[in-house]
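Colleague: These are the residues of each chain, in order.
There are 2 protein chains.
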Amino acid sequence: MVTRYLSVMPLDDALALLSHEFPCTPSAVQVPLEEAVGRITTGPVFARYSVPEIHLAAMDGIAVRSRDTRGASEQHPVILPDAARVNTGNVVPPEYDAVIMIEDVWEAGGSYTIRKAAAPWQHVRPAGEDLAESEMVMPSRHRIRAHELGALATYGITRPEVIVVRVGLVPTGSELVAAGTRPAPGQVVESNTVMAKAMLEEAGATCTRYPFVEDKPEKIRDAIALACRENEMVIVSAGSSAGTKDYTAGVIAELGEVLVHGVAIKPGKPVIIGRIGNKPVIGLPGYPLSALTVLREIVLPFLKNYGLYIPEPELIRAYVTSTIAKEIGSNEFVLCTLGRVGSRWVISPQSKGAGVQMSGVRANAYIRVPQTSEGFEAGGLVEARLMVPAAEAAKALLITGSHDPVIDYLADFIRPQGISLLSTHVGSVGGILALKKDECHAAPTHLLAEDGSYNTAYLKKFMPETEVELLCIAERQQGIVSRDGLSFQDLAGRQFINRQRGSGTRMLLDYELKKAGIDTATIPGYEREVTTHIAVALAVKSGEADAGMCVHSAAKALGLLFVPVATERYELAFRKEHADDPRLVALIDAIRSPAFREILTRLGGYETAETRRQRPGQ
Amino acid sequence: MVTRYLSVMPLDDALALLSHEFPCTPSAVQVPLEEAVGRITTGPVFARYSVPEIHLAAMDGIAVRSRDTRGASEQHPVILPDAARVNTGNVVPPEYDAVIMIEDVWEAGGSYTIRKAAAPWQHVRPAGEDLAESEMVMPSRHRIRAHELGALATYGITRPEVIVVRVGLVPTGSELVAAGTRPAPGQVVESNTVMAKAMLEEAGATCTRYPFVEDKPEKIRDAIALACRENEMVIVSAGSSAGTKDYTAGVIAELGEVLVHGVAIKPGKPVIIGRIGNKPVIGLPGYPLSALTVLREIVLPFLKNYGLYIPEPELIRAYVTSTIAKEIGSNEFVLCTLGRVGSRWVISPQSKGAGVQMSGVRANAYIRVPQTSEGFEAGGLVEARLMVPAAEAAKALLITGSHDPVIDYLADFIRPQGISLLSTHVGSVGGILALKKDECHAAPTHLLAEDGSYNTAYLKKFMPETEVELLCIAERQQGIVSRDGLSFQDLAGRQFINRQRGSGTRMLLDYELKKAGIDTATIPGYEREVTTHIAVALAVKSGEADAGMCVHSAAKALGLLFVPVATERYELAFRKEHADDPRLVALIDAIRSPAFREILTRLGGYETAETRRQRPGQ
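Chains A and B supply the protein sequences, listed in that same order.
Take numbering that gives the first Met the number 0: the final residue in the first sequence is number 617, and no numbers are missing along the way.
Take numbering that gives the first Met the number 0: the final residue in the second sequence is number 617, and no numbers are missing along the way.
Hints were generated in silico from the structure; no laboratory data involved.
Be aware that one or more of the hints could be misleading.
When chains are identical, the list treats them as one kind, so a pair holds in a single copy or across two.
Said to hold, decoys possible - Straight-line Cα separation of at most 25 Å, DSS-like style, residue types lysine-lysine; simulated pairs: (1) Lys459 with Lys575; (2) Lys218 with Lys278; (3) Lys394 with Lys575; (4) Lys394 with Lys303; (5) Lys325 with Lys394; (6) Lys460 with Lys244; (7) Lys215 with Lys278; (8) Lys218 with Lys325; (9) Lys303 with Lys513; (10) Lys265 with Lys115; (11) Lys278 with Lys555; (12) Lys555 with Lys244; (13) Lys325 with Lys115; (14) Lys215 with Lys514; (15) Lys215 with Lys575; (16) Lys460 with Lys115; (17) Lys265 with Lys244.
Turn these sequences into a full structure, and let the hints steer you where they fit.
Modeller: Next up, the structure:
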């Protein structure tokens, strides 16, 4: 058995070790004001001079001697013998001790009449009112807010000294290509240090991405050594695992020492924590979501020790829609979609594949399953950690069921109203079950009953007690996707790629084959199942299969041929009680909009009122 | 009577008018990935190619044909005739359909032994698992988060198209000098457009600050016209009031039209909303806090119409410590300090002077007193709008009472522990009253009783039922500040500047004068009161007064002479029940620290154990 990790350390121990082993002394840099927002002061900041340095008018009006105004009233107006017109901010000449607002002054022929006495020092900003020379404006470790730049400018501070933590990011791997280059088979776009730079700079660090380094120990060694000289901290992307080309740990050991290889977190286990010349060196796992987790759970908390401001995620207690099982001993982090259905917050785990970066884009929250936990039961309360402001999560529209690309377009339509449509792909039956448990706002579904009707039979079966409404999103063509134009009749003997049992597409295919009297045993690969339309099309495109059944848009997206088999009703099911929810109203409006009908026509493979009109005999 | 505003419009009407009168069409710009964080997409973003485009190993291990592994178990290990070593991310050669993790493989002599069968497609990342070519990555109006840059890079998007709203900032005023220049009397550091740029850019706008424009209508006209040509929106700083040099409204009327002059908000009333060539032009009031309020309450909400993301402040219900009175009809915004005392959130209004930029630095929250309200009673519940994260506000340490510069140093000492010390300056008695109402964590106080004792008599009087602890912060010298070294005995006939009745300094002065038999009637200006040590010193420095009484540090800060009169006990009073509060513990530790004693010595004017030791006879 190949040994994979030197040790697997609990997360808390790894964080404690980092804090304990490294001095975490930040450097200081003076930055111009316009770059100071969000930066942290290294030491106290003092006013360079008093503000104001001399008495100023606090209002537009006239500067007066208050004793000259005594006795003035509506009944007994006073004409002032001596006064000076001042605007807000003007110096109050030393002979005066009060300002009267211009609204309270009647001017005629160069003299001023007033109808109210002025109190001494009224509407005068006394010298030093704001701050005196050498007084403290802000303490050490203060995070400078945008509006405070005005105050800093006023107090004479133009280059505040702030904390700088320089982090060198070293991407390694012979398979790497730069963003913008289409990767050849076996190549990968380098994205981990792109993400790391953005996340760490958002947290206030200053990152340098070094050039890509091939998988050669001596080159990796030189790159890490250089990064260690130029930074307070170094992150090496990938090569942290136990593949045949994972040299990171070896190189760190050669240049310094490996303190930890393997932390009990998932995703992210193969992380390395090392030390070279008293500087921390982190070996980041290659999978993007593993890298994300290590950055968020290890690197960002560690950066706090340098004085950077790392906000804790907002927490919301939410009902989890599916069971999360895990073994005791590691912390597990699950990306999720979170939203408010009726009066409850509900949270649904996203796909767990660590390579699936889209789950990081779709997620608006995550769950941490603690080390000592065996997971969470579906329906239980968990603590959601937010990745968007709570106000934004509160406007999420949760769509659970069968996915179709048009859902993404509907999401795009309603997004300008501030509504994030978050979809969870669990197939039609999964969607109806979620609707039954009131765990989503609506479920897209296309379930064919034996009588040829759509959806209603299933809703009656699963949700007999609940009033559910159905709105047709589109009449959708399902058909045979192939490289060479195969039709339904040509399937026998061809390598097939199928959808999973329970999916609407599979039901439709089984139904049509039965109707046509075709035996599935004649179709090789009929038992091989994937879970999305696009996975079917990709299997065909890659040559792995000759044919499959999917929607037109999936075939078109990959430039494959498509021969329609049947038209089905792709409908949106939702509880009547939620029909007035503004998020659902926006979605329904979008489905009914002419712009959406245009999208359907453009994408192809959907029947609309218009296409039906154009077809004779319908 | 001089007419000041064309109209005074309610805030909501002004916001509705802005939304209604302007199309608010943002422009689009393609930005490199590293500048994309926080930007808002203009349209949907699609994947340039499928990810992955071909089946990849999801684990380090060996690629196998799953059928070759059938029957493998602990009892019946299988030696694989054919397999290929793969690392995570490697292409799975087309002849294989599964990957076995390296931990589950026993390698010897170039062949692999396994003890568990592999399911077809296990540990394989199928082509398109993440996303297929042309699928939507993110919809329109999506705010790009830091971690999503990795996904964008992976999907081939290197220059996302995002919303740009260009805002031209035109600072006007002959009195303006640039930050970094010490203003001469009557000059002002231009800070409003510095603040506006930071606030609006934080909200996603792109700002250009134009050069300062003198108070000459033709120059202002040229500057505004230029800014209108180059931006979607223009903000003119100052000149919006009714002073003799307020030309902004006139110039806007000449180039276009003034829609609103005066909005019913406080501070910020003299705002102008105009239109030039269908572009909005906002005239910002000159006072920094008025400008801040107009930016936050009018400009930022308006920018939402362009699709920018403007977060709402977090809200916390808190008990307000003092009455906020206002007239019905305008919205009033009050900067405050907010913190948690015991189990309650309490909020204290800061100084209301619109020119006092420090109140914007000290504040961590603000209160909006709505148009229809007459204000809030002290002790009532109000809605605090947060200016820092709630977690940071929860760690605020509220210090209310008599201020001394050493409090700022204590704030600096404890800030690295994440504690923000927020002080409210209300004098010693005010502090004890706040302590009595349990509205602060501690009160610095120096109240002299007739028997010459400090603080205890007052605590007994005001809080007879409560256990209060006293810790001496410093034994502090109070003395006569002057330009020419006047002493207590020299006051008769000299122009004096006094502290307000009820302040500890005033009590001490009255006590010492009485003891010395000096009649206050012999001291001109004895009735003229200011409320801080530094205000006393500034009055002396400016020549307005010859002498006053203050602490040594205030005299020293302004380079004035100081003759001690008496030493007083400047103590920290706090409720015993809060003595274990970690914030208070940190403060107490700081007061007792040798580093703080060093600060006292350096500042001068404080007695410490050390200085006392050095004085013979004590």
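Colleague: I want to check one pair: Lys303 and Lys513. Are their C-alpha atoms no more than 25 Å apart within a copy, between two copies, both, or neither?
Modeller: So Lys303 and Lys513 fail the 25 Å test inside a copy (64 Å) and across (56 Å) alike.
Colleague: Pop the pair Lys278 and Lys555 into one bin, within, between, both or neither, using alpha-carbon distances up to 25 Å.
Modeller: neither (52 Å within a copy, 44 Å between copies)
Colleague: State whether the alpha carbon distance between Lys218 and Lys278 is at most 25 Å within one copy, between copies, both, or neither.
Modeller: Intra 20 Å, inter 56 Å, cutoff 25 Å: intra-copy only.
Colleague: Classify it for me, Lys460 with Lys115: is the Cα-Cα distance of at most 25 Å met within a copy, between copies, both or neither?
Modeller: Answer is neither; intra-copy 82 Å and inter-copy 41 Å both fail.
Colleague: Check Lys325 against Lys115 for me: Cα-Cα at most 25 Å, and say if that holds within a copy, between copies, both or neither.
Modeller: Cα proximity of Lys325 and Lys115: across copies only (21 Å, versus 78 Å in one copy).
Colleague: When no copy is named, should Lys555 and Lys244 be tagged within, between, both, or neither for a Cα gap of at most 25 Å?
Modeller: Neither: 39 Å inside a chain and 67 Å across chains, both beyond 25 Å.
Colleague: With identical chains treated as interchangeable, where does the CA-CA distance between Lys215 and Lys575 reach 25 Å or less: within a copy, between copies, both, or neither?
Modeller: Neither way: Lys215 and Lys575 sit 62 Å apart in one copy and 65 Å across, limit 25 Å.
Colleague: Up to 25 Å between alpha-carbons, please classify Lys215 paired with Lys278: within, between, both or neither.
Modeller: Within. Shortest intra-copy distance 23 Å satisfies the 25 Å Cα cut-off; inter-copy 59 Å does not.
Colleague: Tell me, please, which holds for Lys325 and Lys394 at an alpha-carbon limit of 25 Å: within, between, both or neither?
Modeller: neither (31 Å within a copy, 35 Å between copies)
Colleague: Indicate which option fits the pair Lys394, Lys575 if close means a Cα-Cα distance not exceeding 25 Å: within, between, both or neither.
Modeller: Only inside one copy: Lys394 and Lys575 sit 19 Å apart there, 45 Å across copies, limit 25 Å.
Colleague: Could you figure out if Lys215 and Lys514 sit no more than 25 Å apart (CA to CA) within one copy, between two copies, both or neither?
Modeller: neither (60 Å within a copy, 87 Å between copies)
Colleague: What label fits Lys218 with Lys325 when the C-alpha limit is 25 Å: within, between, both, or neither?
Modeller: Answer is neither: 39 Å inside a copy and 70 Å across each miss the 25 Å cutoff.
In terms of the numbered hints stated before, the structure departs from hints 5, 6, 8, 9, 11, 12, 14, 15 and 16, listed from lowest to highest.
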